[in-house]
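S.K.: So you can see what is in the structure, the chains are spelled out below.
Number of protein chains: 2
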Amino acid sequence: MSEALASVDSAGNVTLPERTIPPPRSISAEARRYLSTPFPISEEWPTDPRATAAWKRQIAAVDAGFLAQQEPMLRMLPARVERQTMNGVPVYVGTPTGAHARERAALYLHGGGMIVFGGELVRVQAATSALQLDCRSYAVDYRMPPDHPYPAALDDCLAVYRRIIETHAPSELVVAGSSAGGNLAAALALRARDEGLPAPAALLLLTPEVDLTESGDTFQTNAGIDIVLKQGLMSLNLLYAGGHDLSHPYLSPLFGDFTRGFPPTLIQAGTRDLFLSNAVRMHRALRRCGLEAELHVFEAMPHGGFGGSAPEDAELRAELTRFMNKHCGTEHRSSRG
Amino acid sequence: MSEALASVDSAGNVTLPERTIPPPRSISAEARRYLSTPFPISEEWPTDPRATAAWKRQIAAVDAGFLAQQEPMLRMLPARVERQTMNGVPVYVGTPTGAHARERAALYLHGGGMIVFGGELVRVQAATSALQLDCRSYAVDYRMPPDHPYPAALDDCLAVYRRIIETHAPSELVVAGSSAGGNLAAALALRARDEGLPAPAALLLLTPEVDLTESGDTFQTNAGIDIVLKQGLMSLNLLYAGGHDLSHPYLSPLFGDFTRGFPPTLIQAGTRDLFLSNAVRMHRALRRCGLEAELHVFEAMPHGGFGGSAPEDAELRAELTRFMNKHCGTEHRSSRG
Numbered sequence: 006m007s008e009a010l011a012s013v014d015s016a017g018n019v020t021l022p023e024r025t026i027p028p029p030r031s032i033s034a035e036a037r038r039y040l041s042t043p044f045p046i047s048e049e050w051p052t053d054p055r056a057t058a059a060w061k062r063q064i065a066a067v068d069a070g071f072l073a074q075q076e077p078m079l080r081m082l083p084a085r086v087e088r089q090t091m092n093g094v095p096v097y098v099g100t101p102t103g104a105h106a107r108e109r110a111a112l113y114l115h116g117g118g119m120i121v122f123g124g125e126l127v128r129v130q131a132a133t134s135a136l137q138l139d140c141r142s143y144a145v146d147y148r149m150p151p152d153h154p155y156p157a158a159l160d161d162c163l164a165v166y167r168r169i170i171e172t173h174a175p176s177e178l179v180v181a182g183s184s185a186g187g188n189l190a191a192a193l194a195l196r197a198r199d200e201g202l203p204a205p206a207a208l209l210l211l212t213p214e215v216d217l218t219e220s221g222d223t224f225q226t227n228a229g230i231d232i233v234l235k236q237g238l239m240s241l242n243l244l245y246a247g248g249h250d251l252s253h254p255y256l257s258p259l260f261g262d263f264t265r266g267f268p269p270t271l272i273q274a275g276t277r278d279l280f281l282s283n284a285v286r287m288h289r290a291l292r293r294c295g296l297e298a299e300l301h302v303f304e305a306m307p308h309g310g311f312g313g314s315a316p317e318d319a320e321l322r323a324e325l326t327r328f329m330n331k332h333c334g335t336e337h338r339s340s341r342g
Numbered sequence: 006m007s008e009a010l011a012s013v014d015s016a017g018n019v020t021l022p023e024r025t026i027p028p029p030r031s032i033s034a035e036a037r038r039y040l041s042t043p044f045p046i047s048e049e050w051p052t053d054p055r056a057t058a059a060w061k062r063q064i065a066a067v068d069a070g071f072l073a074q075q076e077p078m079l080r081m082l083p084a085r086v087e088r089q090t091m092n093g094v095p096v097y098v099g100t101p102t103g104a105h106a107r108e109r110a111a112l113y114l115h116g117g118g119m120i121v122f123g124g125e126l127v128r129v130q131a132a133t134s135a136l137q138l139d140c141r142s143y144a145v146d147y148r149m150p151p152d153h154p155y156p157a158a159l160d161d162c163l164a165v166y167r168r169i170i171e172t173h174a175p176s177e178l179v180v181a182g183s184s185a186g187g188n189l190a191a192a193l194a195l196r197a198r199d200e201g202l203p204a205p206a207a208l209l210l211l212t213p214e215v216d217l218t219e220s221g222d223t224f225q226t227n228a229g230i231d232i233v234l235k236q237g238l239m240s241l242n243l244l245y246a247g248g249h250d251l252s253h254p255y256l257s258p259l260f261g262d263f264t265r266g267f268p269p270t271l272i273q274a275g276t277r278d279l280f281l282s283n284a285v286r287m288h289r290a291l292r293r294c295g296l297e298a299e300l301h302v303f304e305a306m307p308h309g310g311f312g313g314s315a316p317e318d319a320e321l322r323a324e325l326t327r328f329m330n331k332h333c334g335t336e337h338r339s340s341r342g
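Chains A and B, in that order, give the protein sequences. Those letters in the first sequence? Residues 6 to 342, by my numbering. Those letters in the second sequence? Residues 6 to 342, by my numbering.
Hints are computed from structural coordinates only; laboratory data are not their basis. Don't take every hint at face value.
Note that the list lumps identical chains together, so a pair holds whenever it fits in one copy or between two copies.
[Stated by the list, open to error] In silico EDC-like cross-links for lysine to aspartate or glutamate, where the CA-CA straight-line distance does not exceed 20 Å: (1) Lys331 to Glu297; (2) Lys61 to Glu125; (3) Lys331 to Glu299; (4) Lys331 to Glu35; (5) Lys331 to Asp139; (6) Lys61 to Asp152; (7) Lys331 to Asp199.
Generate the whole structure from the sequences, applying the supplied hints.
M.R.: Have a look at this one:
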């Protein structure tokens, strides 16, 4: 960059020369290692929403790859997982085996661009989210495209939320999600409010896909710099929307009304994250309405963290636990644990 | 970006093709206008720290340009400014004329890469900071290179701090600074603590230059994307350090010890900010020590904001006022106002 300079035209277009960005020296060795490891997800998604068979093939291939990688790990995690059906929706309930029992619980909505990481992969996420959040975690295996576009996924999450608040005080329940799961978590909070349901105690939105229109600036500035999400996911978003307006608040909760009934929210992203704009814009939207909202941005972190075992990932877990401690009702040891 | 893809090698180097980043559509019209206006500061600084005459010429030219632009505005601002000498250091004291008098006050440390925006330009910043922070603002005209390298500036800021806390309760005093001023504000808090002085009620660090070693990742990723600070300021940092270790906590407060005696801190940056890494790393350093620290990152904002009159700038001012209201002692109307 020091020789070939950037230029800005009078319309505000910034032209940058070809350049090589060295690995950051400001992060842990584990995080640096993660940034030099190719992320094992294909981005060769079909472009035609109607190419159902092609979508299914690609989804199955991605899921099989992740399952092969993650299933061996599942057996070693100090959590047990049960599959239940709640209001007709399959849910994997993860419980940390080592931790003391808590009243509080999490409704966990998995990521995966609204199309992958369902089924048996939710079993893994029930365990990891229970450990990450240090409490029982209800991980919803919500329906997804191509067979089930919007609003199937959100309907399922809401059905499970309705069921959980019959037995858990909302003041003891957090709703959490990463990436597409952050979209569903925020959309659920809006829709629950609109339908007259009580709000959960808190929302945890991890590098959340809150804007399916992809209007944020880091969709441009961090394209290619984020080694996990190298570019936007518009073809997936259109498949998910199934003809619905991408900018509707239930599809892009960033554009929701936060003036009433929205819970305290923690939002996380990384400086190399394609969804950094999603995160900071969501934070500002909540803060403009005077809501309690915390922003945590991690140095050089791509979409989704540094793989889970870097010190930075542990730091994030500590922030999540603290935020839950602050916002969930007084803790008791529970005989139901 | 969609055709020519980025690539990552096994060492973690990311190579990006030449590309044009369009103006963001996710910000206000005023902010968009600011991003298409060339920033009027030369970056042709001398590279040799010993080229004293060349440095002085360039500094004088930059200051004259800004003064010509800003002085007419000063007369229209609803604030009065007096020049005082406090413990031997010139200070411009700005007071909002419209606002009700408050006990609380701000020690304001101006930016300018540790070399520019001193002298009469501090008069302007006394007025603007008094209005931005809605209280009396003591803006220090600290000594600067090439004649006065480190630790002259920090010595001056500390001398003024010592004087102010003779008449203002530290619980009613915030220390604020933007860019290089954020460096001095954080370094002052560390050094005041080390010298046994009471901490101020709060720190406000706006897009702060807390790492003169420039080790953060956004010094690379946002180079050229930030239209204000197009690249790092290492030649200025070396001139300021005058042979001292750039990584010493009084020069790069990011590397300080925050385990005791550091005040609640608000940190701000933008997603296009060259100093975004400075901001998020400082936030994490404080949070790791359990300190109360808030991070506010603004969409597509370059170093230093959107020029002051965009809605986003007003939003930041509202956050600063709220943070001060939270952390400064109970407000009284004061007969000294």
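S.K.: State for each hint whether it applies.
M.R.: To see whether the hints hold, each was checked on the structure:
1. Lys331 to Glu297: Both: 12 Å inside a chain and 14 Å across chains, each within 20 Å.
2. Lys61 to Glu125: within (16 Å within a copy, 67 Å between copies)
3. Lys331 to Glu299: both (12 Å within a copy, 16 Å between copies)
4. Lys331 to Glu35: Neither, since 30 Å and 38 Å both go past 20 Å.
5. Lys331 to Asp139: Classified as within: same-chain Cα gap 14 Å, cross-chain 31 Å, threshold 20 Å.
6. Lys61 to Asp152: Intra 9 Å, inter 69 Å, cutoff 20 Å: intra-copy only.
7. Lys331 to Asp199: Neither: 25 Å inside a copy, 32 Å across copies.
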